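Q: Here is how the chains run, residue by residue.
Protein chains: 2
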Amino acid sequence: MKFSKATDYALHALVYMIHRDGDTVKIPVQDLSVALNVSTTYLSKVLTRIVKANYITSTSGAKGGYRLQQNWENVSVYDIVVAIDGVQTLFEDSFDHGSECRIQAAMMEAQENLISTLKNKKLKDLTV
Amino acid sequence: MKFSKATDYALHALVYMIHRDGDTVKIPVQDLSVALNVSTTYLSKVLTRIVKANYITSTSGAKGGYRLQQNWENVSVYDIVVAIDGVQTLFEDSFDHGSECRIQAAMMEAQENLISTLKNKKLKDLTV
DNA sequence: CCAATTAAAGATATTATAAGTCTATTATAT
DNA sequence: ATATAATAGACTTATAATATCTTTAATTGG
Ligand code: SF4
Ligand code: SF4
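The listed protein sequences correspond, in order, to chains A and B.
The first sequence begins at 5 in the working numbering and counts up by one.
The second sequence begins at 5 in the working numbering and counts up by one.
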């Protein structure tokens with residue numbers, strides 16, 4: 005019952021990027037690495053997943069870096085969680101007697117709640 | 005972002021116990037072990053935590069076993085989660101710039117939601 | 001008291017996953 | 001051509017969950 009550090013890093017990196025002129029500039033991982041105190045290689049690996057998920061873009065080479073997409077305001081915290089950790093099930097039924105099961109149903113309901121809360125939190129809300 | 009198998013086992017064991025005459029009988033871990041297909045030693049270790057948390061009682065020796073407390077109907081799923089995994093934070097801020105932080109606030113809100121959903125799910129609801 | 005039964009405790013082992021590093025490769029600007 | 005920067009993949013390390021094994025303590029019934 006815990007989110008990964010990678011998700012934590014990603015959210016912080018994004019917030020940092022937003023504060024640094026939103027989607028208008030490219031920011032090299034070096035900058036982010038210093039700001040968050042996380043190694044460039046690891047952070048780069050994390051951010052690559054956000055690139056793959058299309059919430060930021062990247063350009064290699066000199067003057068390259070990461071840049072937010074124009075629609076960043078609408079990206080939700082849940083989007084980032086999924087981009088990093090994949091779709092997670094809060095509760096992995098070790099037995100699985102089918103969907104009529106009340107334990108599963110209860111856990112599913114809790115999970116749906118959690119997910120919808122996170123879907124309603126947009127990156128914009130983290131930075132106002 | 006996942007609950008432990010131990011919690012899964014505990015919930016299933018409790019549901020099994022409820023179905024077997026509620027709080028009127030003592031059930032040895034052997035029975036539960038067979039029902040859930042989990043080793044007696046591990047299941048015993050898990051249930052010991054539920055005993056410590058006072059949601060069931062145990063008696064050693066012949067004719068011993070685990071028995072639900074009379075108030076079992078009011079025990080929530082969250083109570084069991086805490087008994088097994090302890091109080092968990094869904095999101096461990098790697099940086100922690102204080103409580104005014106929006107990332108933390110967003111995650112906390114999601115967490116509160118999740119917890120309150122689980123608090124509202126009573127064991128009784130799992131067995132009706 | 002004795003034998004059988006059952007939970008608890010503690011040490012240890014196993015497995016799984018996350019976190020992190022390192023090196024090589026590819027892409028870009030000047 | 002050179003410096004810069006992301007990507008990929010192999011690899012290591014750290015951490016926690018899962019599980020087993022063995023010993024001890026408690027309880028029953030003869
Ligand atoms: S939770 Fe319900 S369905 Fe899943 S194993 Fe337990 S009883 Fe079966
Ligand atoms: S989440 Fe907010 S408080 Fe926590 S580290 Fe990031 S900026 Fe600081």
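Hints may be right or wrong, so weigh each one.
It does not matter which identical chain is used: a pair holds within one copy or between any two.
[Stated by the list, open to error] Once the Cα atoms are required to be at most 20 Å apart in a straight line, the calculated SDA-like pairs of lysine to any residue come out as: (1) K6 x T61; (2) K56 x E104; (3) K9 x R106; (4) K123 x V86; (5) K6 x F99; (6) K123 x Y46; (7) K9 x N78; (8) K128 x T45; (9) K128 x I22.
Keep in mind the hints are simulated off the structure, nothing from the lab.
Everything numeric in this text was worked out from a predicted model, so none of it was measured.
Q: In ascending order, which of the hints set out earlier in this document are inconsistent with the structure?
A: Violated: hints 1, 2, 6, 7 and 8.
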